[in-house]
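What follows is the residue order along each chain.
Protein chains: 4
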Amino acid sequence: MPTFSHPDFAAQHLAAAPDARFEAAPADGVLPEGFFSTTNLPTYVRIGGRWRMPREPRMDASLVLDAEGELWVKEPRRVRKGERVAVGYAEDGSEGIFVHTAAFLGDSEEGEFKFMTSEVSREKPIDYSLMASLLLDERDRGGYPVWVTGPALVHSRARADMTWFIANGFVGALLAGNAVAVHDIEASIFGTTLGMTRTGEATSGGHGLHMRAINKVRAAGSIARAVEQGVITDGIMHACVVHAVPFVLTGSIRDDGPLPDVITDAIEGQEAMKRHTVKATMAVLVATALHAIATGNMLPAFVTESDGSLRELPTICVDSSEFVVSKLKDRGTHQAFGVVTNAQDFMHILRLYVEREQAARAGSGRPGDAARGAAPRVAAAARK
Amino acid sequence: MPTFSHPDFAAQHLAAAPDARFEAAPADGVLPEGFFSTTNLPTYVRIGGRWRMPREPRMDASLVLDAEGELWVKEPRRVRKGERVAVGYAEDGSEGIFVHTAAFLGDSEEGEFKFMTSEVSREKPIDYSLMASLLLDERDRGGYPVWVTGPALVHSRARADMTWFIANGFVGALLAGNAVAVHDIEASIFGTTLGMTRTGEATSGGHGLHMRAINKVRAAGSIARAVEQGVITDGIMHACVVHAVPFVLTGSIRDDGPLPDVITDAIEGQEAMKRHTVKATMAVLVATALHAIATGNMLPAFVTESDGSLRELPTICVDSSEFVVSKLKDRGTHQAFGVVTNAQDFMHILRLYVEREQAARAGSGRPGDAARGAAPRVAAAARK
Amino acid sequence: MPTFSHPDFAAQHLAAAPDARFEAAPADGVLPEGFFSTTNLPTYVRIGGRWRMPREPRMDASLVLDAEGELWVKEPRRVRKGERVAVGYAEDGSEGIFVHTAAFLGDSEEGEFKFMTSEVSREKPIDYSLMASLLLDERDRGGYPVWVTGPALVHSRARADMTWFIANGFVGALLAGNAVAVHDIEASIFGTTLGMTRTGEATSGGHGLHMRAINKVRAAGSIARAVEQGVITDGIMHACVVHAVPFVLTGSIRDDGPLPDVITDAIEGQEAMKRHTVKATMAVLVATALHAIATGNMLPAFVTESDGSLRELPTICVDSSEFVVSKLKDRGTHQAFGVVTNAQDFMHILRLYVEREQAARAGSGRPGDAARGAAPRVAAAARK
Amino acid sequence: MPTFSHPDFAAQHLAAAPDARFEAAPADGVLPEGFFSTTNLPTYVRIGGRWRMPREPRMDASLVLDAEGELWVKEPRRVRKGERVAVGYAEDGSEGIFVHTAAFLGDSEEGEFKFMTSEVSREKPIDYSLMASLLLDERDRGGYPVWVTGPALVHSRARADMTWFIANGFVGALLAGNAVAVHDIEASIFGTTLGMTRTGEATSGGHGLHMRAINKVRAAGSIARAVEQGVITDGIMHACVVHAVPFVLTGSIRDDGPLPDVITDAIEGQEAMKRHTVKATMAVLVATALHAIATGNMLPAFVTESDGSLRELPTICVDSSEFVVSKLKDRGTHQAFGVVTNAQDFMHILRLYVEREQAARAGSGRPGDAARGAAPRVAAAARK
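Going line by line, the protein sequences match chains A, W, L and S. Take any residue in the first sequence, count from 1 to its spot, add 24: that is its number in my numbering. Take any residue in the second sequence, count from 1 to its spot, add 24: that is its number in my numbering. Take any residue in the third sequence, count from 1 to its spot, add 24: that is its number in my numbering. Take any residue in the fourth sequence, count from 1 to its spot, add 24: that is its number in my numbering.
In case anyone wonders, no lab produced these hints; they're calculated from the structure. Among the hints, erroneous ones may be present.
Identical chains share a label here; the pair holds if one copy fits it or two copies do between them.
Calculated cross-link-like contacts (lysine-lysine; reagent style DSBU-like; alpha-carbon spacing at most 30 Å) [claimed, not checked]:
| # | residue 1 | residue 2 |
| --- | --- | --- |
| 1 | K303 | K105 |
| 2 | K240 | K105 |
| 3 | K298 | K105 |
Given the sequences, and given the hints that come with them, work out the whole structure.
Encoded structure:
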């Protein structure tokens, strides 16, 4: 276990520090304004020119100097009216209180005790405005956003939203596996995915429907021909064909079928994907560990603009658990921005925000000004 | 390991079954329409009056009778043009193919091989229309929906949406812990939660802000008084006070503070919660394992209407992982309907659907008719 | 929302039921032995020949008939000495108390209110004895256990344990992807996996080590030749080569390299896997969603013994979260037995139990007698 | 989105850098030894005294200078025999290749591109030797390890192992909630937990067994008296009573009962816990979010030795998901060391390692020498 040295109190900024200030608690269980709030790290308080450590250290508490001159860490609820409570915000000694952060947290935490520093967490807010703005910016400047999706996006009800993004010019290329296309096509032909209805019910005889969907496309010869022949009438693959958005379907060993368009050789599949990743100016990875990591592997962390300047390649990774995003980062895709949520909900809200921002830009002629031109209810929502 | 008997082929429905029908594959890798799609269970095919088991059984494949009279399970892609493929949908022998389901799946699967039968999964679609409709129905008939929330709802950006539900009459009572109120009040006073900004950044000095927020409320004496004094100016607790929606804040051993309104004794806390659960006609549990299970413990699975009739008590449980919902069911709250998603997104979309449905009901005078009276863009969205 | 009818009290078993029995509580907060413990379902108590529903229904409580003849559901802690508490265990009315289970739970719960009925949960005990016994049985009778593993098994410290299972005859065939072999070989050559040391530290320059490992094998021409040439000196792939255990490495689009032995075409990969799954008499799937589902797809749920009799094909699925096991079941592999744990720990304990059981069988000539004679092999295990 | 400047090539270490070296690939798809392995960050290669960026940047690939003098990032499998491949390990320019790390990763990644840098992951190896060593060290020097456990530990089969740790002097105090004691006592009296057997089966009538267990202890008056009276005959609480290990059971709003020993007031509960945390020299937090965070809140990150020196307070946090550990860190317990695994398996292996290390220390008189003399105690373990 690591051991630590006490700070060097002869150092200039500590030697010159003033005594800590104490103020009386205004009431039982109420602290004076500006009280010092403790951490769980070694803490030194200057009293009468001497640095002292309080007893019973813990975080989220106050520093109390009792009548006997003893210094305690005390929970605010236990402080009585009139007790002397240390005040100050500084943790660097400049107000007489020094928190020995460096020894414990090192440089990685920037030398400060903080909460909520984890990189990926379901407790972090999701900034849909920013993502919507990025997508519109990319479309406006002719960027090439690569979307990479997993089958959960189709099982849930995000299929219509994905179709909308394709139809409206937000998708440079779609990279996915056989399953995404199979579920999407089963949904178009039979209204189910793996036999599950849109309300989540397993249907009788449903276990064979994806095989029947595949069979129809194999009979047609390709997805594009199945669209032409009216076998596939809506959905993600339909939108790609109709709007001429390129797609790459790569095979995996869990594939049924596969569909005729699937590239079954992994190396050929990587080459096909790379023809799009080398052009990518943004990446949106939704509900897929395998394809997200595959894409992350071949994606630079940056975009080289035509003038030679560099910018980060925005990489959004959406998954139900923190694990996939962490794994992606652990494989080197440090620039990934994690969104821990359900694919259905993500797609639905992202579309809503894009629609709002689009309307705002159309109305005002100015980007980033979503609140204005929108309808009253939407405007109210936008203020949140 | 369990062993199984072969079916009783002398039984009426099997003895009287016809031979299975076979049709020629129309092309390489393409099956005839109506092909039989296999499962992984013991399967018997009647050929020449005799029940036979195919070789190399697996799911998602076809039954092929080869030139030598050998019967195979064969992946569709491996079937050649002209090969004889079994057709039929029935698995009960009535078309000459019998799947021995009962032995393996028993009654619990209703005697049929199906996919997607798990009760709780992030891959299941979320029916926001139904939930929105339920909430409006409850409000219309003067029901008493109990909302139970955890702190993740406040860390993320769902705070404004929760406030909206309170302000608009959808909340009979709010049951939560100290942390929900503390984060909500910190957000109102300082714009952060545990020092994290609305964009997810940890702020310098932020670790003490929740303690400062608590201190201000303790100084005021109660949440209601802090609202009156203008210390708390918006958010969830503010809305409860302003709209006279009762709330119960119960304590836990991880509490900081606590706030003056918190009932720190668990038994007293349970009594206070129960004063609301006995009146509950619906329950919405968001992002909290502890409080969701506590509420589930004291909630009947049913509502007794004033005429003595019974109906299920709709119980929605929202969490980022399947585990909390399964745990709730494992503790007896079988009626819980699980939604596996992020609290921020859930609240945001639920509100959107309630607003749409509300507008539709207002416009048409008829419930359930959301597409009509809504604004054009919303109508387009509703058609999805 | 579903509504429910009250039960038919004219039915024979309810019409003939006795009145419920009540006994006095022996002390404050203490119930009489044999008290009736409530559920959250509609409950009817026969008093004076009439079926009545208690007030304030909830689970985990008692039925109290108060002095005014009012019937309450009351938490045990609130019961006072001398109060009359219903006794009995039967919920079918035969002791005067009827729980209306069928209406709510249907057949799927076998008509009884129970806790802990979820199929897959980290809260379920893991029966290592049973699994160890199965593995030894398979080896003893010349079975063909197919092992399917993901890379987490190698990142963690389960590599040595997997090697042991291969070396000791418990593995019929190993099915995996490129990553398992790459990490295993990097560990043999450089002592790291993706540059991470055995103590979990990321090393300087480590990000290239898996590429260097692949390069060395590509230079050798194959894994077997790299073993022969002394490039690979220990680990999983080494053990497969040395002990002539067949392995199939199938490609995926996230592969680096790949290694020369990897079958990059998904269809060819499936054929290669199937050559082993058709012979499988047991399956162990560890820490892999992709390969577990791929194998589940092609695995029958049963084994046909040489005498034509059928038994279940034991299928163990190990993962850190409930989701993978549920997903596997949702794709039709109903027979899968889920173990929710860490791959490292699973392998370590399973090996320990197999060693014990093996020693017991060797020592006593009797299966299942693990306690005896275990010392020598356990000591060997301790040296790892 | 962030933009970045190119590095300052006039800076001393870049201006003075040599040209990059290239070597011929020895065979198709095989790179020269010492090849440079790329990252996804902006990379500059010095050729003819000029810094150039390669085309098609991606990670895990090589740098190839083609016959036309064009510089490419190329996957190793695509490199042909004789092509010129950059060699070198340095990324700081000193061998003619500069990776522009600082711009992207900043200080937080120590200026180097690495894999596997996440703090908490199920893919990280678990160092049981270290933990066992720490526990023995604490016992040897009279430390005060505080154990904090959740109910999953009792549902699974870790109950016997926890009992062993208590009985053998490794537990200074046990901090838990009502549920841990209720499940433990139900297991002692009825052999079930929440009605679930040791093999994971839900039993008929089982849903009331925890209430019957509580009732028996309430009748006895306390856990200690129930032990004295022979009502509780084994398990965790029994061991605490018999071995005089202090325990604190704190209440929560989801409690049934509660047991007589439970402190139902959260503030009193915190005071009771703190009487132990102020003495803690180590903390082991297993399978509990609520109690782990509560304990983390009141635990200093350090121990002050009697000579005034400081060392880290070893804090082990075990949970099935990364989330609890991240949450604990996000609440300021930065020193927590996360173990992502199942509670049953953790306890089982930890005990095994402690037994081995203990035997080694006893046998050899030297710590850390676990291999020797381990037989007797391990055999005892095998009897469980």
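*Can you give the numbers of the hints that this structure goes against, from lowest to highest?*
none
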